[in-house]
Amino acid sequence: MLRTIYIMWLRELKKFLRSRSRIVGALGQPILFLLALGYGLGNVSQGAGKGSYLQFLVPGVICMAIIFTSIFNGMQIIWDSQFGFLKETLVAPVSRVAIMLGRTFGGASVATAQGCIVFALTLLFGFEPHSWALVIPAVLVMFLAASMFSALGITVASFVTDMQGFQLVMNFLVMPMFFLSGALYPLTNIPPLLRALASIDPLSYGVDGVRTLLIHTSYFGIATDVTVLSAIAITFLGVGSYRFARLEF
Amino acid sequence: MTNIIEVKDLKKTFGRLEAVKGISLSVEQGTTFGFLGPNGAGKSTTIKMLTTLLRPTSGRILIDGNDPITHPDAVRRSFGIVFQDPSLDDDLAAWENMELHGALYGVTRKTRLARIDELLKFVDLDDRRRSYVREFSGGMKRRLEIARGLLHHPKIIFLDEPTLGLDPQTRNHMWEYLGRLNESDGITVFFTTHYMDEADRNADTIAIIDHGCIVASGTGEELKRHTGKESLEDASLELTGRDIRQESASGLEHLRRMRRARGG
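Read top to bottom, the protein sequences are chains A and B. Going by the working numbering, the letters in the first sequence line up with residues 1032 to 1280, in that order. Going by the working numbering, the letters in the second sequence line up with residues 556 to 819, in that order.
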């Protein structure tokens, strides 16, 4: 079981390290957000007398890179098991759950690596973490969020089978989760409806966790963040494995 | 004379659609078995049930003496498969695809390396072992998939339309490999195809399936004699009729089209 998980995990990392174009391609969007919002909106928030907006925005942009990469990775797993390489693993004498877990954690590691690259990039934009020692726990929270969204991607993709469904997920799940999460604005002093939505959005806890560790500003508190993220990750991994193990082709 | 594949009253229904309606067939060890029929007749559904990908609604299957439902892993170890859609990892080199397969099947490292060498030579891909699969042509991919499917010394190899989209040269080449393998290792070959001449030339026994039922089985000669036709193509048309079959545009078909559009 562990051997299979390891084999599948290693394969994802190998593929990632080889595909420079994919690494660079995934950085376009975060850079755009940093430039347009970090510098553009930065003026507005400085005018309003709050600290640097760029500092505030960086954890949100890191989480953006993570949620997009992980959800697509999760959905890719289902795709891959119908037509791609994963189909060959489904007839191998190994546990399907191990296949799915290895692939999920591999994808989550890749998403975390993307998040780290974005982090390194933000340093060039002038970002300063509150404490360098807390960067490592921040990376762990990133990995936790990445595992959760990969598992969510699998679960969702096991229900949708075509392009329309894919667009639907994008517009009604990924985008709202991102914009309502507090990645772009603080959750304090927002209308109660928005706050309620943010509190049921799993990404909010990822953003808050990373933000707490990187710039020492917290909304839910790190203990709540990690607990909620872990609970949702375990739930989705459970549902995802259940669905995946019963996939029929 | 033992039957390595034994199927009895096998049924599969999807909702109200009866895809396979209680078929029985047996394949003798070491023979080549051709499974023919029009689109949507139930060929792929049957292969999927034989290879543990799909649970039968009812009926019984024995693959090398094991039931795919109760002993899936024993069944999985006994066969290799080449799917209708390519299932290689395009971002890995040819030998890495083999290596991964060997590791998943628990083949020890030493045996694995020797076997990879041997099989890549066998399908004439030895000089391309370090190339990424995405640089391969359709025929090369198919050959690599055959080599990969054989890595763990299976007793049966399933091929779902293995020559679809290949030029006649590559097709002949592929059958030459399979024939050699069948002779030297006594491996049982179970394949589906649309090309009747291919089945006639290569299969020891043939079964024709239509609308989920087996309408005829026997050797190519027997089928021709039975229908009084010159070629297997005519015999098959005689048995299954001339209507063009409608395959519903299912979710699966959508995905397949998407994949093609992406150049997969």
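These are calculated hints, taken from the structure and not from any lab test. There could be a bad hint or two in this list.
[To be verified] Computed far set for chain A versus chain B, every beta-carbon distance over 10 Å: (1) 1038; (2) 1055; (3) 1083; (4) 1114; (5) 1117; (6) 1122; (7) 1124; (8) 1226; (9) 1231; (10) 1233.
[Said to hold, decoys possible] Chain B stretches covered by chain A per the calculated footprint, using a threshold of three residues with CB under 8 Å from any CB of chain A: (11) 632-640; (12) 724-736; (13) 772-783.
Note that beta-carbon positions come from the ideal geometry of N, C-alpha and C, so glycine has one too.
For each hint, the structure was consulted:
{"no.": "1", "hint": "1038", "result": "5 Å, violated"}
{"no.": "2", "hint": "1055", "result": "16 Å, holds"}
{"no.": "3", "hint": "1083", "result": "40 Å, holds"}
{"no.": "4", "hint": "1114", "result": "5 Å, violated"}
{"no.": "5", "hint": "1117", "result": "8 Å, violated"}
{"no.": "6", "hint": "1122", "result": "5 Å, violated"}
{"no.": "7", "hint": "1124", "result": "4 Å, violated"}
{"no.": "8", "hint": "1226", "result": "38 Å, holds"}
{"no.": "9", "hint": "1231", "result": "30 Å, holds"}
{"no.": "10", "hint": "1233", "result": "27 Å, holds"}
{"no.": "11", "hint": "632-640", "result": "holds (count 5)"}
{"no.": "12", "hint": "724-736", "result": "violated (count 0)"}
{"no.": "13", "hint": "772-783", "result": "violated (count 0)"}
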